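There are 2 protein chains.
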Amino acid sequence: MATTDFAAWVQACQARIESVLADALPSSHVAPQRLHDAMRYAVLGGGKRVRPLLAFAAGEVTAADPARVEHAAAAVELIHAYSLVHDDMPAMDDDALRRGKPTVHVEFDEATALLVGDALQSLAFDLLASHTLADDAVTQLKMVQLLAQAAGSRGMAGGQAIDLASVGKPLDLTELEFMHIHKTGALIRAAVLLGAQCGRASEHALGALDHYAKCIGLAFQVVDDVLDAEASTATLGKTAGKDAAHNKPTYVSLLGAARARELAQELRADAHAALDTLGAPAVRLRQLADFVVERTF
Amino acid sequence: MATTDFAAWVQACQARIESVLADALPSSHVAPQRLHDAMRYAVLGGGKRVRPLLAFAAGEVTAADPARVEHAAAAVELIHAYSLVHDDMPAMDDDALRRGKPTVHVEFDEATALLVGDALQSLAFDLLASHTLADDAVTQLKMVQLLAQAAGSRGMAGGQAIDLASVGKPLDLTELEFMHIHKTGALIRAAVLLGAQCGRASEHALGALDHYAKCIGLAFQVVDDVLDAEASTATLGKTAGKDAAHNKPTYVSLLGAARARELAQELRADAHAALDTLGAPAVRLRQLADFVVERTF
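First to last, the sequence lines map onto chains A and B. When you read off a place in the first sequence, starting at 1, and then add 65, the result is the number in the numbering used here. When you read off a place in the second sequence, starting at 1, and then add 65, the result is the number in the numbering used here.
To be clear, the hints were calculated from the coordinates, so they are not data collected in a lab. Note that this is a predicted model, so its numbers are computed, not measured. Don't be surprised by glycine CBs; every beta carbon is placed ideally from N, CA and C. Any given hint could be a false lead.
Have a look at the derived ranges for each label pair, beta carbon to beta carbon [to be verified]: (1) B:Val203 / A:Asp88: 21 to 31 Å; (2) A:Asp159 / B:Lys166: 22 to 32 Å; (3) A:Asp174 / B:Thr239: 40 to 50 Å; (4) A:His94 / B:Val95: 40 to 50 Å; (5) A:Asp88 / B:Gly272: 25 to 35 Å; (6) A:Gly233 / B:Asp275: 27 to 37 Å; (7) A:Leu319 / B:Val203: 43 to 53 Å; (8) B:Asp201 / A:Arg324: 51 to 61 Å; (9) A:Asp159 / B:Ala96: 37 to 47 Å; (10) A:Asp200 / B:Thr361: 45 to 55 Å; (11) B:Ser267 / A:Gly344: 47 to 57 Å.
Given these sequences and hints, build the entire structure.
What follows is the structure, given as structure tokens:
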């Protein structure tokens, strides 16, 4: 597949997920209007939509109907969006800029940001339960369970807690990896597996995708750390250099930038290898591994 | 049924839900330990468990297996518990006392309280999806949808937003009712309907229970307002008089205490009437309507 073709596929998926999210979010005209306005502000019109892209790409491996995958992808993106809103709040990272715009608690207020995050999480599960996403309802219930566990205290929220506890502490590489497997890895894994489960996913395929997702999740974080250390705030659309400013351990602070970049390449190779037995339908996942590692924003 | 019998039933349900919640919450020994410790602190060892009691009582109407109802009841209670943790935070009600103990952000810290609420919401959906709760998975997916919508921006979280926006504003009775139908009513309705859906619930029964739940939800709030205005902090286990202190409109401020108490009695009579066609199995729901209206804490 040519690069231009991949770029077009990414754009098509991004447009589709934007449209699904816009439909799923309550209108700003529905009461409570300010809350709904803030929810739309938090979710729409920004972001790379990496998790939805992974869900769509994994759905191609299992020949899933994209009309199913789009709701699973949107549910995962809503969880991601809620986590950003809460993560940016003063009690957490206290960040004023996200995706080039003021963060929700800055644009609205703290109480609204708190409720936006809470309501986005509910909406994610609403979306996952309200559409037919799998051939049978038992599988779909397992998908609800998967997302709930990925978001919860032994997944993303747990990773945030470990992250908070790690500020100023000398984490080693194992501890850093443990944090990221929870903080970003769990939801990336959920995106891949949920996309696949919208189609007919064999145990073998799910195993391979699980390994792919683990590599991609870590690669994503390693690259994030490199970009945070090296890129400018304008390029990132969020405050750059904040990890160092907060004295947070990162792959760059532990390994140096050169070795961190090497590690990202190794994880990309591992991710590609995990896809070997899945053949041609895995091409988008392969390209996404490249995209995640080569991105500059 | 005698009153003593009702008291024993309440205690048995409360013990059962405490045990289910204790099992569902991750151990304090599992990482991240501080988060899990705070989640257990937020949920266990307190509360009247009104929503679980309603779920168990509604399950009796549809001959539901209590081994199913207990998980639905626990899921609703986890949503309720998360909402209290976030509601008590400085950005919202800024309250230091809950169930006679320091609130989560006081006992731990704000970031932990934020994550506790987030993770409790995820756990609620995990619980609802991880156990067989209905005769078929399609019904169970509808139960997930029901809880998600009850918790979300057109349910409980939306009610909180309306509540925040109403501080210092002259709401009329219709607006106050609109707020409470969202803020507390939606989750009480979910408790009743989810309990019933664990058994074989006819459309007729669900309709009657829906009406019952609406009356009980409002009655609960009216009584809350009366208690907040009249009881002491020591009796309530939370800060008394805070509605007046925050200049929040309440049933007492709009109607006066005497008329508010009358309204609670009328709602109880309506709730009882809604149960008329459901016969003897509705006895616990009838007693719970009495309990909600007559409680002094």
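Which constraints among the numbered hints does this structure fail? Numbers only, ascending. Failing hints, ascending: 3, 6 and 9.
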